[in-house]
Amino acid sequence: MDTVPDGVASKCLGCDEIIFVRELERNLQVCSKCGYHHRLTSAERLAITVDPDSFVETDGDLLPDDPLEFPGYVEKASTAAASSGVREAITTGDATIEGLPCVIGVADFGFMGGSMGSVVGEKIVRAFERAVERAVPIVIFSASGGARMQEGLVALMQMAKTSAAAKRASLAGVPFISVLTDPTTGGVYASYASLGDVILAEPGAVVGFAGRRVGRQDLGGHLPANFQTSEFQAEHGFVDRTVPRKEMRATLAFLLRFFAASEAREGEADGS
Amino acid sequence: MAANVLDFERPIIELENLIAELRKPEKRAEAVASGIDLDAEIVRLENELRRATEQVFANLSPWEEVLIARHKDRPYALDYVRMIFDQYMELSGDRVWANDEAVIGGPAFLDGRPVVVIGQQKGRDLRERQRRNFGCARGPGFRKALRLARLAERFGRPLISFVDTSAAAADLRAEETGVSEAIARNMAEFAFLRTPIVAIVIGEGGSGGAMGMAVGDRVLMLEHAVFSVIPPEGCAAILWRDKEQAPQAATALKLTAKSAQQLGIVEHVLPEPLGGAHRDPSAMAASIKLSITAVLEELGRMSLDDLVAARYARYRRMGVWRTEPPSERAAEKPS
Chain F
317 MDTVPDGVAS KCLGCDEIIF VRELERNLQV CSKCGYHHRL TSAERLAITV
367 DPDSFVETDG DLLPDDPLEF PGYVEKASTA AASSGVREAI TTGDATIEGL
417 PCVIGVADFG FMGGSMGSVV GEKIVRAFER AVERAVPIVI FSASGGARMQ
467 EGLVALMQMA KTSAAAKRAS LAGVPFISVL TDPTTGGVYA SYASLGDVIL
517 AEPGAVVGFA GRRVGRQDLG GHLPANFQTS EFQAEHGFVD RTVPRKEMRA
567 TLAFLLRFFA ASEAREGEAD GS
Chain V
367 MAANVLDFER PIIELENLIA ELRKPEKRAE AVASGIDLDA EIVRLENELR
417 RATEQVFANL SPWEEVLIAR HKDRPYALDY VRMIFDQYME LSGDRVWAND
467 EAVIGGPAFL DGRPVVVIGQ QKGRDLRERQ RRNFGCARGP GFRKALRLAR
517 LAERFGRPLI SFVDTSAAAA DLRAEETGVS EAIARNMAEF AFLRTPIVAI
567 VIGEGGSGGA MGMAVGDRVL MLEHAVFSVI PPEGCAAILW RDKEQAPQAA
617 TALKLTAKSA QQLGIVEHVL PEPLGGAHRD PSAMAASIKL SITAVLEELG
667 RMSLDDLVAA RYARYRRMGV WRTEPPSERA AEKPS
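First to last, the protein sequences are chains F and V. Residue 317 is where the first sequence starts when you use the numbering used here, and the numbers rise one by one after that. Residue 367 is where the second sequence starts when you use the numbering used here, and the numbers rise one by one after that.
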């Protein structure tokens, strides 16, 4: 986790209390005092989510290009790769969760704010296609400020591209579990991430159309305290459940079992 | 009117006012009295006006294109709807929650042919702007558009979408009504809608707000319209922490119609009357009408299966990336 420096103790980003790094690790980077869910890298997320050694990465060879020749983009992307340890803002592949197969995608906020450019869009679409081919559910953990500004219109079009792919997979009978983590906003929340058959969110995550860059004062007065959070979205019917991190794996496994069971029944009907 | 003149339009407007002044009967009398050939002078000024306008509009910077796209005199969706279609009947509401007036739409006839029109509508005066939330739709606006798109599909009518919004709304009511879900849903559903869809960006194609109504078989853009992932002001604030650098951001974002066409995002750029669509709305409308008619004829020759497959492929291929096998270090599995 890059938000807390290496060392024995660190400050919780939620309550400012000093917490022991080892305790934080044991607790899946959730503060034991206030319950604040610190952001995870995609590697950390995969490690606590999928069965050990079950993850096989796909499409890891896709790297960002610079369609707009946008000032500073190439440098920014290479700095992001160096500091985050990932090559792009999402990692995708095949995995099992409690023995149940799925295609999984995990966003990495550490790479340019998890923003969706061409590579993220393409990897998500290929993940949906792979789920269709393998006839398994797809799970995507989102963490993104939205479309990647540096790819301009090309990034904007990834909203339509990923949403269309989600619909295509849905028509093919693929179950889609969308998990919103801190933060999921803008063009990601307003595209594939909102199209899950089931939409889960981590507690306290920033989730909304406008990112926090848009000042609260610009959005009119009297905003509820939980505005632009998982809890607000759940309260208004746009998130199914807020799921604490330690329950996420079991929750996903429950849903995967449910979807696998319904597929088995369909198979029976075909055979009769 | 003077309040709606942009700085770079000022020399043009001044020349126009001068010509109008010289055309007054009392000026003619004055000219005759002093032996001046007024007609020749007017012709000279008109030529100069044309030359000056051409010069200004041939060299618009991306930021000036933004200003034209946002021009307060620019024709809005309903202006075009009235000029393009023989008849149009406005329908209301999303059948779930509300009638969001940032979005308009309903059945219409294009030279006698039934179509469904949807559009994003900015307001002309302050009262209308407030009623329409400045063309910034919330959840119900996008759901109204989807409901009308479904109507088009059910009865085999082509869908014509006029895109013109600075952005979708992001206020409390927008979040409460799930504006994100509504935009996402529209893109997914429009992608598979079994009827031809033509989207025309007539002014501002503002990020997600535009995308909620801009998925189609063909996307057209007016010459001075803009289409962007983020407003230049927002981009400048993020990049340089300075909204004043919006003009530089506008250049970097490649948000002009010409750039959008070069990037393969829009199929056709429709030239605007000299000085912009607001200088001659009816000529602009006639040109849009011709384009819609031609595109619909082209799309009408395709089977619905082919149409939907081609539309999916249109978006599937969008994106630019490199490939390079992961190095050993990058290929390490998460521990």
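One should not assume that every hint holds.
Unchecked claim - Where chain V lies over chain F, by a calculated footprint (3+ residues, C-beta under 8 Å):
hint	region
1	324-335
2	437-444
3	472-479
4	508-514
5	559-570
Calculated from the structure, these hints are not laboratory results. Just so it is clear, CB atoms sit at the ideal spot from N, CA and C, and this is done for glycine as well.
Here's how the hints hold up against the structure:
| no. | hint | in the structure |
| --- | --- | --- |
| 1 | 324-335 | violated (count 0) |
| 2 | 437-444 | holds (count 3) |
| 3 | 472-479 | holds (count 7) |
| 4 | 508-514 | holds (count 4) |
| 5 | 559-570 | violated (count 0) |
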